[in-house]
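S.K.: Sequence order for the protein chains is A and B. For the first sequence, our numbering assigns the number 191 to the initial residue and increments by one for each residue that follows. For the second sequence, our numbering assigns the number 43 to the initial residue and increments by one for each residue that follows.
Please keep in mind that the hints were generated in silico from the structure rather than gathered at the bench. No experiment lies behind these values; they were computed from the predicted model shown. Even glycine gets a Cβ: it sits at the ideal position worked out from N, Cα and C. It cannot be assumed that every hint is accurate.
As the list claims (entries may be wrong) - Under 10 Å between C-beta atoms, here's a sample of chain B residues computed to sit facing chain A:
id	residue
1	82
2	95
3	118
4	132
5	193
6	203
The residues making up each chain are set out below.
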Amino acid sequence: MDYNTAIVLAGVSILGLTAGSVGSFLVLRKRALAGDALAHASLPGLVGAFLLFERRELFILLAGALVSGLIGIAVVAILSRYTRIKEDASIGIVLSVFFGLGIVLSRFVQNRTTAGSKAGLDSFLLGKTAGIIAQDVLFIAVVAGFTLALLLLMFKEFKVVTFDQGFARAQGWPTVPLDFCLLALVAVNVMIGLPAVGVVLVAALLILPASAARFWTDRLGHMVLLSAMFGGGIGIVGTLLSANVSGLPAGPVIVLSGTVLLLFSMLASPRRGLLAKSWRDFWWARSIEQRCLLQEIYEETERAGGSPPTKADVVHRATESWALSRLVRAGWVELQEGRVRLTSSGLVRGQEVVLGSRLWQAYLEEYPDQAGPLADLSMESIDGILPVELVTHLQRLVREQGRWPALSMGEPT
Amino acid sequence: MKSPMVHVHDVTVAYHRKPVLWNVDLVLDDPRLIGVLGPNGAGKSTLLKAILGLVPIASGTVEIGGKPLAKQRRLIGYVPQRESVDWEFPVTVLDVVLMGTYGRLGWFRRPGSKERAIAIQSLERVGLVDLAHQQIGQLSGGQQQRTFLARALAQDAALYFMDEPMAGVDAATERVIFGLLRELRAQGKMVVVVHHDLRTVPSYFDDVILLHRRLIAHGPVASTFTRENLRKCYGGNLAALEMAAEIVAASAPTK
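Chain A extracted, bound-state conformation:
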C-alpha cells in the first residue's frame, strides 16, 4: 500500500468510527432527519467561506460549513416552534432551500474564479477521498478524539437523556444543553465527513451503521461500539472500491457498502432480523391454530354428546390437517375410521384450553369497557392476568351458564 492510500484509509476509517458512534445516539433520539438537514444546510457556508477568504484550507471551509449547518438547524427549530409549519416540513424546507442556495453560490464561484478551485468545491457534493492529505487526517483525528472522549465521559448522561427526557429532567440533568451537546457532536462529525462523503450523503454515515448495529444487540454500549466498527468498516471498503474503479465517487460507494451491511443485518440478525421474525410469527400462528383445533374437536365432541367428530367436521384447510397431525403426534387425539377421538391426556388438555377460552369470553362479555389492554387472548389462561376475585367470579359465571367443560369420554363406538 502506498503512502497516499494509507493516509486516505486512516482518515476515512477514523471518520466512520466516530460518525458511527455519534450516529447511534442520533438514531435512538429519532433525529436522523435533523442530521440530514444539517449536512445539506452546510453547503452555502462552505462555499461562502471560500468566497470570503478566497482560500481552500479545509479548516476554513469546514468552519463555514459548521456555521451554516447550525443556522439551518436553528431555522428548523424556530419554524416548527413559532409557526404553524410542522417539524418534518421545516426540515424539508431548510434542507432544500439551503442546498439550493449552496449550489447557486458555487456556480457563482465557478463563473468568477479559475477552474482549479471550483473543481475543489464540487468534490464536496459527493465526496472525493483521493484529495485527503495528512493534514486533513490530523484534523479528522482531533475532532474524532474529542467526540469519542466526550461520549465516553458522558455516556451515562447521554443515555438517560436519550431514553427518558422527563425522568432525566426530574432527576436534575440539564436536558436541553445535553441534547444540544449531542447535536453539536453530530454537527462536527458531519463537517469532517464532508470532504470524503460529501454534503448529499454524509448523513448516511451517521444513520446506516447505527441502524445496522441495532439489529445485533440490546445494549446501548454494545450498539455504540458495533456501530463504530461498522462505520469504520464501510468507510474502508467504500474507499478501496472507489480508489480501484476510476470515476466512482467515494460518497455513494461508502453509502452503498453501508446499505449492503444494513440489508444483511435486517435479514439475518438472529433476534430482530426479518427471517427470524417471520419464522417465529409462522410458528406462533401454527400454535394458535393447533390450540383452536383442539378446542373445536373438544366442543364438537361435547355437542355430539361424547361421540367424536369426523375429520371433515373439524379440518377445513391444509394447515389445519397439518395441525391435526401434530395433535396426533402429541398424543392428544387419535384417528379411528375417519373420526377424530380425544385421548385421555387430550381430554385433560382440551378442557384446559376450552375453559381458558370460555373464561376470556365471559370476561369480555361481562366487562367490555375495561377489557381493552388486559384482554390478551393469546394467553391461554386468565390466571395471573386478572385479579383473583375476578377469576373466581368469572368461574362461577361460566359454571352457572352450564358452560363449564366437563366432557368424559365413553368407549369408542
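Starting from the known structure of chain A, arrange chain B on it as the hints suggest.
M.R.: Chain B only, in chain A's frame:
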C-alpha cells in the same frame, strides 16, 4: 416552624396561552398516600409535571421542603407515564433501574457495584429480579410499569410522584404496587399518585386531591371523597358519578 414537604403556591400552568391548571394552592405534608383524581384533561399529570419542574409555570411557585425545587432534586422520585418512552430502546431492565442511581452519582461517575446492588434490591422489591437482563421491549405492560417503579425505588427518595402507575396493568402488578405504596408510607415517605380508577380509591389512599383545572378539594378520603365533591369534579359524567356514589356508600361503614 418546619416547612411542608410540598408547597404549591397559586400555580397556573398554560399550554399555548390556554390555562390547564388555574391558581392551584396546595400544601402536602407527612408520610401519606395521596391520590390525584379528576376527569380526562383535568390537569392531573400537569400538576405532577409542574411540581417536578417539567412544564413551565405561568405564575406561582413550588417549594419542596421550603426550598426551590432545583436544590431538592435528590429528595424526589418520579415514575412517568409508561407511554412516555420508547420501549424498543436498547437497554435491559437492570440498565433502566440503574438510572435511578444517576442523580446520586452526579456528573461523569459511572454506576459501580454499590449501585448495582441497589438496583438489584429494587428489582427484588417489585419481583422482577429474574428479568434483570431482559431487553425492556420483551416485558409485558405490567412488568414495564414495575421496571419504572424499581427505578424510582433506586432513587431512594423521600417524596414520590407517580403518573398513572396502575393504568392497564395486570393483577400481579397491581398487588405489587399496592404493597409498595404501603411499604413506602411505613418508611415515612410521601407518595403522590395520579389515579383514574375511582373504585380503588378508598382502599389505596389516605388523602385525595380532586382536580378539574382548579383544585376542587384536598383532604382525607373519609371527608373529601364525597358525593358532593365528586359531582363538582366529574359534573355531568353520570356513569362516573353513579359509580362513585356506590363506592362512597360501600366504603362509608368501614371508616
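S.K.: Decide, hint by hint, whether the structure agrees.
M.R.: The hints, checked one at a time:
For residue 82(B), the interface hint is violated, the least distance from its beta-carbon to any beta-carbon of chain A being 14 Å, above 10 Å. At a threshold of 10 Å, the smallest CB-CB gap from residue 95(B) to chain A is about 7 Å, leaving the interface hint in force. Because the closest C-beta pair between residue 118(B) and chain A is about 7 Å apart, less than 10 Å, the hint holds. For the restraint placing residue 132(B) at the interface with chain A, the shortest Cβ-Cβ distance is roughly 5 Å, inside the 10 Å limit, so the hint holds.
The closest approach between the C-beta of residue 193(B) and any C-beta of chain A is roughly 8 Å, which is under the 10 Å cut-off, so the hint is satisfied. With 10 Å as the threshold, the beta carbon of residue 203(B) comes within range of chain A, its nearest partner Cβ sitting at about 8 Å, so the hint holds.
Hint compliance for this structure: hint 1 alone is broken.
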